[in-house]
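Can you build the whole structure from these sequences, using the hints too?
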Amino acid sequence: MSGIQLRNVAKRFGDAEVIPGIDLDIQDGEFVVFVGPSGCGKSTLLRLIAGLEDVSGGTISIGGKDVTDAAPARRGLAMVFQSYALYPHMSVAANIGFPLKMAGQSKAAIDQKVKAAAATLNLTDYLARKPRELSGGQRQRVAIGRAIVREPEGFLFDEPLSNLDAALRVNMRLELSELHAQLKTTMIYVTHDQVEAMTMADKIVVLNRGRVEQVGSPLDLYNHPDNLFVAGFIGSPKMNFIKGAYAKEHGAATVGFRPEHTTLSKESGAIKGVAGVSEHLGSDTFVHVKLEDGTQVTARCAGEMAVRHGDTVWLTPEDGRLHRFDEKGLAMREAAPKLRAAGSGL
Amino acid sequence: MATTNTQATARVMMAPSVIILLLWMIVPLAMTIYFSTLNYNLFNPAETPFIGFLNYEYFLTDPAFLTALTNTLILVLGVLAITVIGGILLALLLDQAMWGAGIVRLLVIAPFFVMPTVSALVWKNMMMNPVYGLIGQFTRALGLGTVDWLSQVPLLSIIIIVSWEWLPFAVLILLTALQSLSEDQKEAAEMDGAGFLSIFWYITLPHIARAITVVILIETIFLLSIFAEIYVTTGGGPGNATTNIPYLVYAQALLQFDVGGASAGGIVAVILANIVAFFLVRLVGKNLET
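Protein chains in written order, with my numbering: chain A, 49 to 394; chain B, 21 to 310.
Just so you know, not all the hints are guaranteed correct.
[Said to hold, decoys possible] On the chain A side, residues computed to face chain B include the following (Cβ under 7 Å):
hint, residue
1, L100
2, G111
3, G124
4, M127
5, S131
6, A133
7, H137
8, F146
9, P147
10, M150
11, A151
12, F277
[Said to hold, decoys possible] Calculated from the model, a selection of chain B residues having no Cβ within reach of chain A, i.e. all distances over 10 Å:
hint, residue
13, L74
14, L93
15, L97
16, L100
17, L112
18, I129
19, P150
20, Y152
21, L162
22, T196
23, I223
24, V234
25, T240
26, L244
27, A273
28, I295
If you are wondering where the hints come from, they were derived from the structure by calculation, not from laboratory data. For each residue, glycine too, the CB sits at the ideal point set by N, CA and C.
Given below as structure tokens:
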């Protein structure tokens with residue numbers, strides 16, 4: 049019942065228009081990730097949904113109720129902050145129990161719910177500690193605990209993993225996905241890290257300069273980006289873009305192909321270039337290639353690939369994996385069959 | 021952290037300053053203790069016989085001493101209450117984003133830069149005077165009549181004057197503490213359903229607790245030795261109504277010319293201040309270690 053609908057939601061700070069107007073539907077139980085470069089308005093959008101900022105226009109409804117002017121606490125949402133925002137002078141138990149205390153629940157009920165939340169999050173041994181005596185990952189779990197005890201209709205996460213080190217981030221990513229599978233509650237998650245977006249989301253919303261560039265499942269965005277921005281943002285390493293004669297052959301202003309859909313050869317291929325730095329990751333090797341017109345592209349090859357700096361190499365995009373974009377940067381989909389024919393001709 | 025060698029060197033290097041500071045403190049203290057055991061009267065400074073603890077006995081059994089002690093405590097506690105509570109409220113107000121906040125903050129801080137004698141005179145003649153005083157004119161205009169502040173409620177008047185001087189200090193310290201409270205914490209509390217009062221009680225107040233202790237500690241040190249304000253307004257009177265310990269010591273020495281008795285009073289004041297400091301440091305220590 050707790051789907052979230054945004055209708056033409058806009059936000060201005062003085063004269064600066066941060067979000068010109070966004071329509072978005074979030075289904076009940078969905079894990080939605082807002083992703084985009086810094087300054088794209090994703091955090092602002094989350095804060096608008098939370099009620100921490102007032103909208104400049106449009107309406108927000110949660111579970112069918114219009115909450116555009118409702119106070120944050122009345123929206124039934126819980127938020128996890130990037131800085132965790134734990135209360136430093138309270139114990140872990142008091143932190144987790146704070147929303148319940150504010151709701152006027154009895155001590156016994158609070159105690160029981162705090163213990164249950166702590167058990168879910170492996171915090172039972174730390175309940176008496178103060179936040180500063182915890183590690184980053186534990187603090188993060190306390191913040192999540194404070195969110196789940198309220199049994200909210202939806203969770204909002206504002207870049208919750210960006211203060212953690214890389215190994216911990218991977219762990220917490222799994223824990224959050226596991227939590228979502230358990231609770232089956234709507235979750236909105238803001239990040240600038242497209243890997244987090246790809247691995248966790250049911251639905252990704254790609255934002256750029258306050259506008260929604262594309263909404264879809266991770267694989268949808270990966271396989272069928274609507275425009276150059278989404279194509280370049282989703283996937284790592286990022287998609288190669290080539291303009292000029294090669295693009296014209298395919299009837300497009302720009303063509304793009306992903307490093308992992310590129311074959312690299314020292315003898316022959318579609319595009320000629322000079323190999324630059326090779327990055328060996330063990331399982332893969334990323335070879336950076338400079339084309340004759342100066343464009344930098346990347347090819348993902350097998351781990352044993354031996355290409356020396358300065359070698360002449362040829363690149364061939366995989367059949368049917370070529371993305372074509374028009375002058376405005378929009379994807380050209382209707383001619384996809386013809387593209388395949390052109391690709392096989394190479 | 022350091023080897024024995026560097027520690028020894030450090031001690032040698034620090035010794036001159038430590039010795040100077042020690043002399044600076046010890047010499048006046050020792051002289052005061054010495055004077056407090058003499059019958060030293062300025063009418064007859066040539067003869068200063070040793071009289072043991074007699075000066076202490078006279079000072080402590082003087083009925084004015086108990087009055088002065090109570091007055092000192094009322095003065096300190098009254099000013100602390102007004103400046104801490106008023107300081108928190110003003111700081112909360114100034115923490116809000118508003119038009120002209122910079123100028124308002126400057127105006128609030130201003131009284132701190134007025135020297136005590138001047139501010140006491142201004143209050144005595146321009147504010148509290150029953151005839152020309154602004155307060156008197158205001159209450160008269162309202163038809164409430166006037167109060168002769170300095171003779172009818174002398175101690176309260178002193179408390180008001182001293183509070184006016186120390187409020188800016190409290191506001192300044194508490195405002196900086198408030199500004200270091202992260203916006204995230206307030207927003208998190210807001211999401212958790214806390215209203216304005218709950219946020220103040222559970223988030224803001226614990227956050228500024230340390231700053232409040234610092235204000236109390238520093239103010240207490242200075243408030244125990246309030247003198248100028250009393251000297252230029254009431255002169256310790258009417259009767260002994262506004263005589264505190266420092267003023268009593270002054271009166272003993274320079275109105276009754278009894279240097280020995282005043283020295284004994286001074287030592288008593290030092291002991292009292294140390295008792296207060298003992299409790300304060302324990303309070304602060306408890307608050308600072310968390």
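ask   = Which hints from the list above does the structure break, by number from lowest to highest?
value = 2, 3, 12 and 23
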